[in-house]
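Construct all of the structure, not just a fragment, from the sequences and the given hints.
There are 2 protein chains.
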Amino acid sequence: MKQAIGIDIGGTKIAIGLVQEDGTLVHSTEIETPTKSRDAVLSAVVDQVKQHAHTASAIGIGSAGQIDVNQGIIRSGTDNITDWNNVPICEYIQQQTNLPTYVDNDVHTFLLAEKGAHKNVLALTLGTGIGGAAYIGGQLLSGEWGGASEFGHMSVNFNGEPCNCGGRGCVEQYASGIGIHKRYLKAGGEATHAGEIFSRALAGEKRATRIIDEAEQALSTAIVSLIHCYNPSHLILGGSVATKQQGFISSVMEQVSQRGMSSLVKPVTYHVSQKEYAGVIGAGLLAFEREGKA
Amino acid sequence: MKQAIGIDIGGTKIAIGLVQEDGTLVHSTEIETPTKSRDAVLSAVVDQVKQHAHTASAIGIGSAGQIDVNQGIIRSGTDNITDWNNVPICEYIQQQTNLPTYVDNDVHTFLLAEKGAHKNVLALTLGTGIGGAAYIGGQLLSGEWGGASEFGHMSVNFNGEPCNCGGRGCVEQYASGIGIHKRYLKAGGEATHAGEIFSRALAGEKRATRIIDEAEQALSTAIVSLIHCYNPSHLILGGSVATKQQGFISSVMEQVSQRGMSSLVKPVTYHVSQKEYAGVIGAGLLAFEREGKA
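Chains as they are written, first to last, in the numbering used here: chain A, 1 to 294; chain B, 1 to 294.
Do not take every clue at face value.
What the hints assert, rightly or not - For the chain A half of the interface with chain B, some residues (derived, Cβ under 10 Å), not all of them:
1) Ala134
2) Gly143
3) Gly146
4) Phe151
5) Arg168
6) Val171
7) Glu214
8) Gln217
9) Ala222
10) Cys229
11) Thr243
12) Gln246
13) Ile249
14) Met253
15) Arg259
Simulated from the structure, these hints should not be mistaken for lab results.
All of these numbers come straight from a predicted model, not from anything done at the bench.
All C-beta atoms in this analysis are idealised placements derived from N, C-alpha and C, irrespective of residue type, glycine included.
Listed below in structure tokens is the structure:
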């Protein structure tokens, strides 16, 4: 069976693996991200890739941030890596390895690892921020240059507070880890991260309960809007908030099924990702997906 | 050049025409919609179609409402036609004419008539209600059964008033003709339709100005969310509000370019449809689009 190299570049770790066309992970390694410079990251990646280059037919890369999928450029990646903007990563790795190389946003590649047999599916990652991906009509949606599916920056309140994206009242301000934390502090609470606020809401603290209830309403509203837009059959949830806050996710999905057009929201199933190496697997699958279209 | 029959079924008129693959309208007729029964509509359509059936290779239909594009069924159409729900329109017309027949929502077909060479484009019709369509990666998005692109029912206010769709604070409640009219009445004003309220806002009436300003903010917020979701290069606007209220549309699009992620919103161009027979042409083009995939 054909194999591709999947690379998942994060701000703290880089995971690299050999992935089969059916999504089986044959081998994987993890290294610490050398955050001090762009060149350090690129040469660390090439070092790892070269160990597998003889058995693979292509390379797929998943990276946080805005990715130009047509040009193979990381337009704006994680702030953790120095000078990690406008990186022509595909051109560089292709030159060093002689293998066709593709890159996409890491939530888009995550979706590829998790979509199963669904032809119309959305992915939402709920962590410090909120990321998104859409696979509709059997096609991973990129849009004009690859910037599609910024679901964290759908507004759920047009009179809301300004968001760093330039908009107002984005769902990320209400329902991401950072958003929940900020709103709790602003309401006069003290906590070091969102996990504490979830725990306090469960324990019945009024302030925390109000913030979490609002997160639930904002997130379910955004998910209903997404279902109205894309008519998916399935929803994939990932990220630390999804994996750790099961009660929260159940309430959100219960609200989703009760709001909105029943013909669209009722049939939608969902699962929370449990796959440990979804990032690497999805990156490998991206290479097969793009090779199929080349 | 190949020709298809395009049929645009509305609550008051049905337009039928012969359309070339390049979008040229060769011939067209319009009849009053026989609203008294489903059978009256279907036989009127078949009568018209038979006049052109010998020169066409396929039939495309655009209809308001929820359309099951896989089964060729109008799930819920306009209330103006008696018993116009769950109509297996493709099966019926195919049997009567022996031509392959396809149906889709009329905003989806409108987009096909207006998209030009764009590969990533959204359409929004702003009339009594708000409709939508998305063409991304060179593909008309249908979703699981054809219910995609209900852009009027994106929420812009998760604490807003209940909408008849089941959601809350949908953009249609703020920026459609009916929405603007309702909000003006609720604010204590008197008017017979939205057009009057636009005129009074232009004349400086405070109440009307407040309602129209709110419509502008709600609509620009929804459009920014759509651009964040789909990364289109272009936006098509249609419907009576778009064609008649040029100042309103200019302000909305000015706000769009200033809100949201600049990498996504800045490059988006737009036009307001001026094509008289976009409905018929789009329906004809739908037939070619689907034949190409069959």
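>> Under the constraints set out in the numbered hints, which ones does this structure not fulfil?
In response: 11, 12, 13, 14
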